[in-house]
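*Asks:* Listed below, chain by chain, are the residues.
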Amino acid sequence: MGTGTGLGRVRGLGSAKHGSKHWMNQRLTAVSNLLLTSWLVISLILLPNFEHEALAAWLAQPLVAVPMMLMLVSIFTHARLGLQVLIEDYIHDEGSKFAALIVLNFYVIGAASFGIFMIAKHAFTGAPA
Amino acid sequence: MAQNPNRPLSPHLEVYRWGPHMAASIFHRATGFTLATAGMMTLLWWLYAIATGPEAYATFQAYIIDAGAEATALQTATNWLFRLVCLAVVWSFFQHVSSGLRHLLMDLGANFELKANRTSALIVFITSTTATALVALLVASRYLGN
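Respectively, the protein sequence lines represent chains A and B. Residue numbering for the first sequence follows the numbering used here, starting at 32 and increasing by one per position. Residue numbering for the second sequence follows the numbering used here, starting at 138 and increasing by one per position.
Keep in mind the hints are simulated off the structure, nothing from the lab. Please read these numbers as outputs of a predicted model, since none were measured by experiment. No residue lacks a Cβ here, since even glycine has one placed at the ideal position from N, Cα and C. Among the clues, some could well be false.
To be verified - Beta-carbon label-pair distances, calculated as ranges:
hint, chain 1, residue 1, chain 2, residue 2, range
1, A, 129, B, 142, 18 to 24 Å
2, A, 46, B, 225, 33 to 39 Å
3, B, 145, A, 132, 24 to 30 Å
4, B, 253, A, 37, 44 to 50 Å
5, B, 277, A, 155, 48 to 54 Å
6, B, 167, A, 76, 24 to 30 Å
7, B, 244, A, 49, 17 to 23 Å
All chains, full assembly: derive it from the sequences and hints.
*Replies:* Have a look at this one:
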């Protein structure tokens with residue numbers, strides 16, 4: 032079987048037994064998404080207005096910046112797990128599937144890093160006003 | 138590891154008869170995709186605009202909320218496109234959240250009786266559509282057309 036490389040020997044032997052971790056993390060982040068997006072919606076409703084000044088002062092507070100960062104981590108983890116399943120279910124060509132999974136990982140890690148950086152920069156350097 | 142193309146397949150989209158239960162399942166996936174792409178890009182743009190300053194935020198508002206009275210035809214059209222995308226994102230959010238709650242309920246082993254399952258799927262669609270209509274009305278009455 033195979034060429035004797037590690038990959039060649041395990042191919043076709045079935046799952047890597049990581050499925051239940053994927054399943055559990057999907058549920059875990061579903062619950063944290065629910066809590067954190069509820070916080071966001073309620074927090075936004077409590078704002079006096081949605082002008083830049085009010086939002087900038089709001090986002091600079093530690094008790095807003097930290098949950099916002101956690102929300103990005105939670106949502107992007109959930110999206111990564113969910114879109115992975117979509118790709119595995121609907122892209123049947125092995126090469127395209129592999130490429131799509133790489134693009135997915137680059138996308139979620141890149142996008143989440145960008146968002147967290149913007150929040151951190153804003154909170155550390157302070158609102159301009 | 139070539140697969141036999143004639144192997145038996147489990148039922149999928151074209152095979153199912155449309156009903157609330159299968160629609161809830163397929164829309165959970167479709168709305169998840171919408172949120173992960175259009176939804177997240179809008180959220181990141183919003184965070185970027187807040188963190189960058191009033192000018193960047195004004196640009197965000199011109200695209201997403203209102204292009205203003207002096208906008209060119211292209212800007213107004215783009216604004217309407219973004220508004221439609223936002224409406225789709227808002228509906229996707231409520232649909233995905235309520236469908237997700239139903240999913241968690243079913244993970245507990247409940248709600249598998251045919252009638253109850255069908256009813257809960259219908260409730261999911263009604264909840265998300267009502268909530269989206271309320272948000273659209275609120276935004277339209279408070280931020281548009283004055």
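*Asks:* Measuring from beta carbon to beta carbon, are residue 253 of chain B and residue 37 of chain A in 44 to 50 Å?
*Replies:* For residue 37 of chain A against residue 253 of chain B, whose Cβ atoms are near 48 Å apart, the range 44 to 50 Å holds.
*Asks:* Hint says 24 to 30 Å; check whether the CB-CB distance for residue 145 of chain B and residue 132 of chain A agrees.
*Replies:* The hint (24 to 30 Å, Cβ to Cβ) holds, given that residue 145 of chain B and residue 132 of chain A are roughly 26 Å apart.
*Asks:* Quick one: are residue 167 of chain B and residue 76 of chain A within 24 to 30 Å, going by C-beta?
*Replies:* Roughly 28 Å apart at Cβ, these two residues keep to the hinted range, so it holds.
*Asks:* Could you say whether the range 18 to 24 Å given as a hint is met by the Cβ separation of residue 129 of chain A and residue 142 of chain B?
*Replies:* Distance hint for residue 129 of chain A, residue 142 of chain B holds at roughly 21 Å.
*Asks:* Quick check: does the Cβ-Cβ distance between residue 46 of chain A and residue 225 of chain B fall within 33 to 39 Å?
*Replies:* For residue 46 of chain A and residue 225 of chain B the Cβ distance comes to about 36 Å; the hint holds.
*Asks:* Just tell me: holds or violated, for the beta carbon distance of residue 244 of chain B and residue 49 of chain A against 17 to 23 Å?
*Replies:* Given range 17 to 23 Å: holds, Cβ gap about 19 Å.
*Asks:* Evaluate the given range 48 to 54 Å for the C-beta pair formed by residue 277 of chain B and residue 155 of chain A.
*Replies:* Roughly 37 Å apart at Cβ, these two residues miss the hinted range, so it is violated.
Going down the numbered hints, you'll see the structure goes against just number 5.
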